[in-house]
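K.L.:
Given the coordinates of chain A, work out where chains B and C should sit on it, guided by the hints.
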Amino acid sequence: MFAAAAAAILVAIALAITRAIKGPTVFDRVLAGNAVGNLAIVLLAVVGFLTERPEFLDVGLTYGLLNLIGTLAVLKFFRHGDLAYGAEEERTS
Amino acid sequence: MRHFSLAGFLFAFWLVLSGHYTLMLVVAGGASAVLCVLAMIRIRVADAEAHPIELLWGAVTYFPWLLREIAKSAWAVTKIILHPSLPISPTMTVVRASQRTSAGVATYANSITLTPGTITVGVNGNELVVHALVNEGALDLEGGAMDRRVSQFEGAA
Amino acid sequence: MTAAVEIASWVLILLGSFFTLVGAFGLVRMPEVFTRMHAASVIDTLGVGVLILGMCLQAGLGLVTLKLVFLLALFFFTGPVVTHALAQACLHQGINPHLAEDRRSIARQQSAESDGRQP
Numbered sequence: 001m002f003a004a005a006a007a008a009i010l011v012a013i014a015l016a017i018t019r020a021i022k023g024p025t026v027f028d029r030v031l032a033g034n035a036v037g038n039l040a041i042v043l044l045a046v047v048g049f050l051t052e053r054p055e056f057l058d059v060g061l062t063y064g065l066l067n068l069i070g071t072l073a074v075l076k077f078f079r080h081g082d083l084a085y086g087a088e089e090e091r092t093s
Numbered sequence: 001m002r003h004f005s006l007a008g009f010l011f012a013f014w015l016v017l018s019g020h021y022t023l024m025l026v027v028a029g030g031a032s033a034v035l036c037v038l039a040m041i042r043i044r045v046a047d048a049e050a051h052p053i054e055l056l057w058g059a060v061t062y063f064p065w066l067l068r069e070i071a072k073s074a075w076a077v078t079k080i081i082l083h084p085s086l087p088i089s090p091t092m093t094v095v096r097a098s099q100r101t102s103a104g105v106a107t108y109a110n111s112i113t114l115t116p117g118t119i120t121v122g123v124n125g126n127e128l129v130v131h132a133l134v135n136e137g138a139l140d141l142e143g144g145a146m147d148r149r150v151s152q153f154e155g156a157a
Numbered sequence: 001m002t003a004a005v006e007i008a009s010w011v012l013i014l015l016g017s018f019f020t021l022v023g024a025f026g027l028v029r030m031p032e033v034f035t036r037m038h039a040a041s042v043i044d045t046l047g048v049g050v051l052i053l054g055m056c057l058q059a060g061l062g063l064v065t066l067k068l069v070f071l072l073a074l075f076f077f078t079g080p081v082v083t084h085a086l087a088q089a090c091l092h093q094g095i096n097p098h099l100a101e102d103r104r105s106i107a108r109q110q111s112a113e114s115d116g117r118q119p
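Residue numbers (UniProt numbering), protein chains in the order written: chain A, 1 to 93; chain B, 1 to 157; chain C, 1 to 119.
The following block holds chain A by itself, in its conformation from the complex:
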C-alpha cells in the first residue's frame, strides 16, 4: 500500500519536473521546484513507513523548513536582484 503511494508521489514529482523543464517563466520553475520539495517531504514520510524507520520523519521536518526558506530566498532574489534588499533600505533611511 505504501509502495503504491510512493509510486504515485514519484509520478507526481516527474510531472512537476516536466513543468520545471518546460516552464516559460522563471516563476513556473520556482513553483514546480517548490512542489517537488513538498512532494519529497511526503515521500520521505512514506519511505519512513515503508522501511519501518520513523527517523525519516525528522529528516522530513528539516527538509520542510529548508524548502520554505530556499523558495523564499530564490523569490526574493528574482524580485529584488539582491538577497539583502530590506536590510539595505533600512540602513539608508
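A hint or two may mislead.
Derived, one-sided and incomplete: chain C residues facing chain B with beta-carbon distance under 7 Å [said to hold, decoys possible]: (1) PHE34; (2) MET37; (3) HIS38; (4) THR45; (5) PRO80; (6) LEU99; (7) ASP102; (8) ALA107; (9) ARG108.
Since the hints were made in silico from the structure, they are not lab data. Computed from a prediction, not measured in an experiment: that's the story for all the values here. Just so it is clear, CB atoms sit at the ideal spot from N, CA and C, and this is done for glycine as well.
P.N.:
Positioned in the frame of chain A, the structure of chains B and C alone reads:
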C-alpha cells in the same frame, strides 16, 4: 505570563521532537527553551504576534470549519483539472477585510490562499486583491461568509 | 489494530495519492502561472493532508503521529506564504494573469456603496 507559556510550548516541542527522556536531554531542552525565550525578548519578538495564546480557543472552532472549506474547494478544483475542456474563467477581484488587528487580516488572507481556487495576490490596508480560478470562487468571497467567520475567530480572543 | 482502521487508512492513503497525482497533472495542464498555482495548492492541502491523515491512522497514538501532525501544520502555515510571495513576485515582474473577468473596480464600488448604507 505570555513568556512562561511560550517557554512551556517550546519545551513541549523539544520533548516531542526528541523522543529520548534521559535526565541530561530533558534538562538541556528546558535550558534551551528558556534561552530561546530570553533571546526572543531581547530582539523584541516575544509579543502577541509571535505567540497568540488568546486565539487558541477561537482556533479550535475555526480550523475544522476551514478544513471543510478546503476539502470542498479542493474537490471543485480537482473536477476542473480533470474536466476534458478545462472550464476555467480566471477572475481578479478585491474583498474587504473587516478584522480589527493585523493578525486577523493575515489570518483571512492566508485562509483565502490556503483554499485551492483562490489566491491573495496583494494587500493594501484592509483591501485584499484576490485571483480566483473560476468566477464563482470570486463571487463567493465577495459574499463575505469567510470574512465573518474570521472576524468571529478573532473576536473570540 | 482493528480491520476498520486499517481499511480507513488504506482508503485515505489511496485518496491522497489520487489528489497528489491530480494536482501534479494540473501543474502540467494549466495554461499560465497563476492558474498553475491553484493546481499546486491542491497538492499542498488535500493531497498531502489526506496522505498524512492516513499515515496517522497507520501509526496509531504516539510520537510518530505527533510528528506527522507537526508536518501537516508546517504545510498549512508555510504553503500560503510561499504562494503569496510567488504571486507578488510575478506581478512585480510585470507578468499579469490572463483574465476572463476583472471585477476589481466593480467590487470596490460595491463595497463602497455598502459602506455608505451601513452607518
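K.L.:
Against this structure, judge whether each hint is valid.
P.N.:
Right, here's what the structure says about each hint:
1. PHE34: At about 5 Å, which falls below the 7 Å cut-off, the nearest Cβ of chain B leaves the hint on PHE34 (chain C) intact, so it holds.
2. MET37: OK, holds: MET37 (chain C) within 7 Å of chain B, min 6 Å.
3. HIS38: holds, 4 Å
4. THR45: holds, 5 Å
5. PRO80: holds, 4 Å
6. LEU99: Interface hint status for LEU99 (chain C): holds (5 Å vs cutoff 7 Å).
7. ASP102: The hint holds - ASP102 (chain C) has a Cβ within 7 Å of chain B, the shortest such distance being about 5 Å.
8. ALA107: Given a least distance of 5 Å, the restraint on ALA107 (chain C) holds.
9. ARG108: holds, 6 Å
Going through the hint list in order, the structure satisfies each hint without exception.
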